[in-house]
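Q: Residue-level listing of the chains:
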Amino acid sequence: MKRITCWLLLVSVGQFVGAQDLTHPTDMGLPESNFVRPDPSDYQTVLENGLTAYVARADQVPLVTLSAFIRVGTVDDDKQGAAESLLESLRHSGPANLSPDEFTATLKAMTADYVVEMHDEWTEISLNVPVEDLHLAMTLFAGIVRTPGISSENISKVALAVVPEANDLQGEDGPALYEGSLTATVDRFRDLIYADHPYGSKPSGDDFDELSVADVTEFHATYFVPGNVVLSIAGDLDIDAMHQEVAKQFGSWSRQDVSKPPTIVPAVGSKTRQHSFPAEKLQSWLVFGHHLPLVPDRDQASLEVMNYILAGGHLWTRMTIETRYKYGYTNDASGFLTQKWFGPGTYDFRSYSRPEVIKPIYKNMLDQIFRIRDEEVSVEELFVAVGALTEGTFQIQYLDGYSAARNFALEYLRYRNHERSASYVDRIRAVTGKDVLAAARKYLRPDEMQIVLVGRPENLLN
Amino acid sequence: MKTLPLLLLIAMSLIAQGAMAQSSRYDLPIKEHLFDNGLRLLVIERPDEDRVVGKIFTDMGALNETPGQLGSAHFLEHLMFKGTPTLGSRNWTVEKGLHEQINAVEDALTEALNRSRNDLRERGVFHDYQHATSSPEIDELRTLIETLNIQVLELNDEGPMKQWYQAYGGTRLTATTEQEYMKFDLDLPADRVELFLRVEADRMQNSVFRNFDAERMILVEQRLGDLNRAETDFREAMNSLVGRVSMVYVPEGYNNDFSQYTREYQRELYETYFVPNNTTLIFIGGVTLEEMVPKVDQYFGAMERKPEPARYQGREPLPSAEKRLMWRSAVLSPRIDIRYQIPGVGHPDRPHFEVLEIALAEHLRNVMQDADIDGSLDINTRVVHTTRFGVPASINFEFILADSDQAAVAEKTLLVEMARLSDENIDVTAVAFAQKALRTKWYRTAADPNSLAFEIGHFEVMDSWKTLQPYLEARDATTVDTIRKLIGRYFIAKNRSVGVVTTAEQQP
Chain A
1 MKRITCWLLL VSVGQFVGAQ DLTHPTDMGL PESNFVRPDP SDYQTVLENG
51 LTAYVARADQ VPLVTLSAFI RVGTVDDDKQ GAAESLLESL RHSGPANLSP
101 DEFTATLKAM TADYVVEMHD EWTEISLNVP VEDLHLAMTL FAGIVRTPGI
151 SSENISKVAL AVVPEANDLQ GEDGPALYEG SLTATVDRFR DLIYADHPYG
201 SKPSGDDFDE LSVADVTEFH ATYFVPGNVV LSIAGDLDID AMHQEVAKQF
251 GSWSRQDVSK PPTIVPAVGS KTRQHSFPAE KLQSWLVFGH HLPLVPDRDQ
301 ASLEVMNYIL AGGHLWTRMT IETRYKYGYT NDASGFLTQK WFGPGTYDFR
351 SYSRPEVIKP IYKNMLDQIF RIRDEEVSVE ELFVAVGALT EGTFQIQYLD
401 GYSAARNFAL EYLRYRNHER SASYVDRIRA VTGKDVLAAA RKYLRPDEMQ
451 IVLVGRPENL LN
Chain B
1001 MKTLPLLLLI AMSLIAQGAM AQSSRYDLPI KEHLFDNGLR LLVIERPDED
1051 RVVGKIFTDM GALNETPGQL GSAHFLEHLM FKGTPTLGSR NWTVEKGLHE
1101 QINAVEDALT EALNRSRNDL RERGVFHDYQ HATSSPEIDE LRTLIETLNI
1151 QVLELNDEGP MKQWYQAYGG TRLTATTEQE YMKFDLDLPA DRVELFLRVE
1201 ADRMQNSVFR NFDAERMILV EQRLGDLNRA ETDFREAMNS LVGRVSMVYV
1251 PEGYNNDFSQ YTREYQRELY ETYFVPNNTT LIFIGGVTLE EMVPKVDQYF
1301 GAMERKPEPA RYQGREPLPS AEKRLMWRSA VLSPRIDIRY QIPGVGHPDR
1351 PHFEVLEIAL AEHLRNVMQD ADIDGSLDIN TRVVHTTRFG VPASINFEFI
1401 LADSDQAAVA EKTLLVEMAR LSDENIDVTA VAFAQKALRT KWYRTAADPN
1451 SLAFEIGHFE VMDSWKTLQP YLEARDATTV DTIRKLIGRY FIAKNRSVGV
1501 VTTAEQQP
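Protein chains in written order, with this note's numbering: chain A, 1 to 462; chain B, 1001 to 1508.
One chain only, chain B, in its complex shape (with noise of 0.2 Å):
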């Protein structure tokens, strides 16, 4: 058995490595310059590189929608890849033209559809993307904007960002909103990194919303693809379980939502948010900060700056009492879900979380196991589709049960050991394993400088991008005492939220 050894070196070892974190792991040569007008631009220098990963992160997302609306920020970014003015109009004179009847017949529908609200509301409970409140002037309305947004597309060539990108080397085009943000990405030559620049500062400036309805649709394509998946539903319930007030755990968009954007609401969106004093620029390449800020300055600096857009601050009331879900499905696989506030980034407690979410995983599988319980154990933070928030969120514990008649024996046995372990340290080489994967994590994200990149864009949303090395610090030093504290202070039954999934014929 010569590997047992090795396996007990390696553990020794884990040891070890912990207990002399270094702060040199994770540093960041991140330079800043902050523009007159408000706009960020940091840069990790990579004289090297021949490429640069640009992002362009702005401060906004679904925390920011008004209920009825939801989705619209995430809408908001598929519109502003339609172009502008000066990219993809053939005749922009004209083209203006149109949008400009093309919003006073929005204006005339929108007026319409109020006054016939109590002749044509649905009243009904349901709704899905297919139904349509209608009256032959709304129908004549929508008509004329569909007649003239044919017209447009007829002086209009599509996709112009994207062409000039592929164009000149431009890879990884895409584009992301999430809870707490909404960011372009592109990695480019660097020699040619003004042409970032000169599509951004465009898009953020001057973005033209064509083809307005056909690509609300894509958003309910996408709302479709979530739904076809069985946990979709189930998550979304516990997600309005664990939280009442905060938008946080309101997923991005329903299908009656896709139907209510307006163009106005859009435009609000974004003359509110796409302002240089709420923008960030990140850069990670063959680019240095200095031949940087007067590129930026050319492409950035006449934007003016505005009045700052207020931070979404939700928080959920003080919890009175343990709530729960119990969902009968057909399709779904029976299981425990436990989950508890936490908070969110920039609170000293979070990055302890992470270490706790590994430490605990492989814990709680052995004492499942242990007790003859079969299933998987997933620990994590999801909400929605993102895992860290700059507000507080959840810690979810998902145990996947092999026999639905388990499952109150899983729950205690699971609720019985966390409040054991709010007593009890758990081994101190679990811990050690916990920091090691994640320090591996962290080295492969900041292989890639596009994932390093937006590790420094989401810390700057959510938090500051100046706390992000110290958050990663931070997990270097969890001990035991730690996760027994946060357990003890957290994993309250005041703060918990249990869901419970059986087969359907499992009534009561």
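Only chain A is shown next, with the shape it has when bound in the complex (with noise of 0.2 Å):
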């Protein structure tokens, strides 16, 4: 009787159990939280042109990150192709000053860690060397922000590289064509949600034909101008210095008129519809959800609350509870709010799994959708939320020199104020269940699913 043994063993176990201190977390007197968010004023520093830099220390290793952040992004191209043409340059020309593959060798030279990124409303340069680098590597920054070799040669390349991606959708019900994964059916997603609209614009191979360098450059003039820009600089640095150096790579950058952020139409939603695109894989992909409208101040700190309980936590939330921990059916199941800055963002839901089990999947997460809408949450959850949001996620942003610059920075480029961290903490505690659940009400549309699923044909759901 090996197994009666085992659990006898258990059982002695539970009984020495007694030596050790089990308090249940809720009774261990764990102290109230004591953080305070840094003082962006610490940091901030604003050049006569307009432009503003945040400048952190943080030395623990002999490393610098530069990092700056522009308020442009693909939406404010109205000669389509100028963005990705102009994010081609910068991350492969560099500086005009540099042939691109001058530009790469220097990046080499200094093992930088080197990252352009290209959003719908917003782009960011990051560059990371270690200090001794560091003269060097701010010289290249400011050229690369300011004077970005910009050629014919980056129009073309990009207009190779969109033709293929424009043929993406043309699977949709048809044979099956590409690798499946949850990055697939969130492009797949995305580019439904967005069919029709700014956000979901996309370049074809002809508007390359008619752009120029002249336009690409013209861009570029338009939206890299000081006081459209937010430098973040964290390192082993001496900020004083550092300051000084700001200045001096940006000071002479002549002040000039910032554009007016793009005026964004509100999203049109549609009726619940399945989109199958299927592959012959060993698993399958869902992804659902609908757009979402600029959520206004008033109701942001409850629509985080109540996606945090539902599914944004991605390990204690229904969702999760009520796919991965009960049934085993799938390694996550998870929600995304995605907010835009001036337009409809998306709420969507994901998960992924062994094709048999995706419709128990689906159902399972879709009736957590229609639960949160129909009865407030408990105490017990709410605390829970309340916890992580502003003890833990809040946190980390300020965990150090390189994460405080760089919050405050995008912060700042967004709103030209610090408020809404000043006072996060305060109104995320405020949040009540009935506001978790009017939340819940407006901004979860079970009607308007688009539901996106990649797989198997005969487990596509029905």
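Accuracy of the hints is not assured; some may be wrong.
Said to hold, decoys possible - Once the Cα atoms are required to be at most 20 Å apart in a straight line, the calculated SDA-like pairs of lysine to any residue come out as:
#1 A:359 to B:1214
#2 B:1466 to B:1494
#3 A:281 to B:1227
#4 B:1031 to A:359
#5 A:108 to B:1364
These are computed hints drawn from the structure, not numbers from a lab.
Taking the hints as your guide, dock the two standalone chains into a single complex.
A: Structure follows, in structure tokens:
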């Protein structure tokens, strides 16, 4: 009776447990949070030309990160293709005074980590280097931001790359066509949700025939101006010396008018519909959701708490419990609130699994959407979400100089103040069960779900 | 051409920096306390920080599994998220009785499966997760387990550890099991570090394996994710070509294994390895060793030292010939994969292989380009999902070809050049660049307390946390002579395994 012996062992462990402190976490008397968000004014410097920089010291290791956040994205691109061409130039050509090969060699010699991302409404350029290369890196960084090398080669390269992408959606309901994955499924979802919307606008091959180096240069000149750029610089540096360096590299940049943000039309919702992309893979991928209108400040906190309880926390959430923990259906079932700066965002839910359980996954996730719209969340759920948001995810945004400078820079670029981060904790703590219910009813729209499934045809939803 | 002198300057400074390597670059102010029961506590104090990263490493992993139960260490990690009598149960007295019944039924099920083995055994060659042998008796026992499990679920709050970690500001709640370790991670406000100790001590001593059969399907799910990648099957075949004895080359569970796990086997693993003298706690952030010692003692001090779990010492027999794998595939890009066995962390040669990896990659890319062979070269030490081991593993030269017709010439070019480099030195600037790249990579790791704590814990299970700093310093001491000697010593025909991937149409 080996089994009984084993179990007796556990029971004896249970008795031994008496020697171990097993006070329940809620009874441990854990201290109230004493976290205070850093003061952004301790980091901020503003040049006469309107350029703002956040500089922070983080001296655990001899590295420095130089970042520029620019209020321009693909949605600002009236001349289709200019944004993508500029992105290509920033990524691969560097500053105009270097050839692309020289730029690549310089990055390599510095063992730099160099990232450029252009979103719908903002752009980020980041360069992380050893402090021994800071002087060279700063010159390079300023050159990339102020005078990137824009060439017809960049435009041709992007033109070649967009052609296959334009064919992606031809596979819907047709034979299978591409490697299935969650990323590909999310891309399909976004393509559908923004099919006739500026956020979904993509240049075609023809657009590049009309596009010149002068167009891309003009696009850069319009948006890359001091008042439209916020820097974040952190690392093993001397703060005063860095302020001087910022002034030296960017002070001669002429002040110019900042373009007004684009006016983005609202999105029109559609009735719930399934979009199937058959793929002969071992798993299937599911993404479903709808538009999210611009959310007013007064609703932000309750929406965030609601999302955390429903599916946003990824671990202890209603959707994870009802798919993974109870039934072992999937590794993950989560919700994603994607808010845009000027127009409609998306609210979507994602999962993946072996094809035969996709239907119960979808059903259980949808049930939770109905449930959170029907009844107030529990006090315990509210306690967990508020704690996680205020003492977890919010705190780590200011964990060190790198993250604090970065988050302050992005907040300032978007709002031109720091009121939201200053009031964040109080706003989240003020959310009630009724607020959560109201947010669920207002922002969850089960009758407008666009359901995208990549998987085996025999297991698609009906 | 203002920039060229700049680049030259950087190249010169690279060499100068390498030459004046200082040990202080890698100073790790780790403080250690060893408790009477064998539990090891490591702390890096950062008094100005509001938060602390906590990790608990157990010296066990896939290397300790029994064939037929592969992946069981990873599965145990999943089970250890299911709570304890005091975390997750609404009525432990009743729930305990249900677990006793489930365990008894599982015994009966194992007996029934054994008894029916010759009637029911699947004699087919292949197997997948959907297959299950059965009989009316077996079906009945399985249904009974399911029924009892549903009753447990009714008494059970799912995910209690994550719930309370999240509620009190915990982030980065992850866990990982690889060949040589299992670890649980958390980042939380420093003044709440006791929560980590309370939960992890409970997890280590009192885990209850709830919802066992549903959870095993999560492993199936993760395995399917691996198999969806065209490379997986080939890479696993290459691993088995390189090694035939060492468990380091074995994947973390095949689909057939997932259905074989039993509660009894899982508990045996749990009770053997999750003992204080096989455990290391690591903290980096706003805590001190002085304040942590009594706190750790409060939660872990009552645990008794247990028999020392045996360390895995897998090593391959002396190779006697080069081995080859021909892989024809309709989906995988054509490639050449050349592998050599190399020593594990703890051996004096191992750190130099990291310099070699980078220095040789750039050199060989240029050689292939000069020979008009199109493709991309990656040199790595990855086996399954991990790149560093405390046991011998392999270094892999993976050249993905643009044209499969160039497979033979690509292989020959690589081998000829490596043979040449066993006699002649590689360019000194290539070594200097590799050293700078490794230093920068280390700084990026050390900048993040989560990554730094992982490296410390990983070295503790591979060798000792005390050898991490010398390991980093040894890389700075690598010379062109060292690289040449490594090539001559290890990159020999008898130690070589070669995989050639060609398109399915390319039949001989």
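Q: Does residue 359 of chain A lie within 20 Å of residue 1031 of chain B when you go C-alpha to C-alpha?
A: Violated: residue 1031 of chain B and residue 359 of chain A sit about 52 Å apart, past 20 Å.
Q: Verify the proposed pairing of residue 281 of chain A with residue 1227 of chain B, using a straight-line Cα cut of 20 Å.
A: 9 Å, holds
Q: Quickly compare the C-alpha distance for residue 108 of chain A and residue 1364 of chain B to 20 Å and report which way the hint goes.
A: Holds, at roughly 17 Å.
Q: Keeping to a limit of 20 Å between CA atoms, is the pair of residue 1466 of chain B and residue 1494 of chain B held or broken?
A: At roughly 34 Å apart (the allowed maximum being 20 Å), residue 1494 of chain B and residue 1466 of chain B break the hint.
Q: Hint check: residue 359 of chain A vs residue 1214 of chain B, CA-CA at most 20 Å. Holds or violated?
A: 17 Å, holds
Hint compliance for this structure: hints 2 and 4 are not met, and every other hint is.
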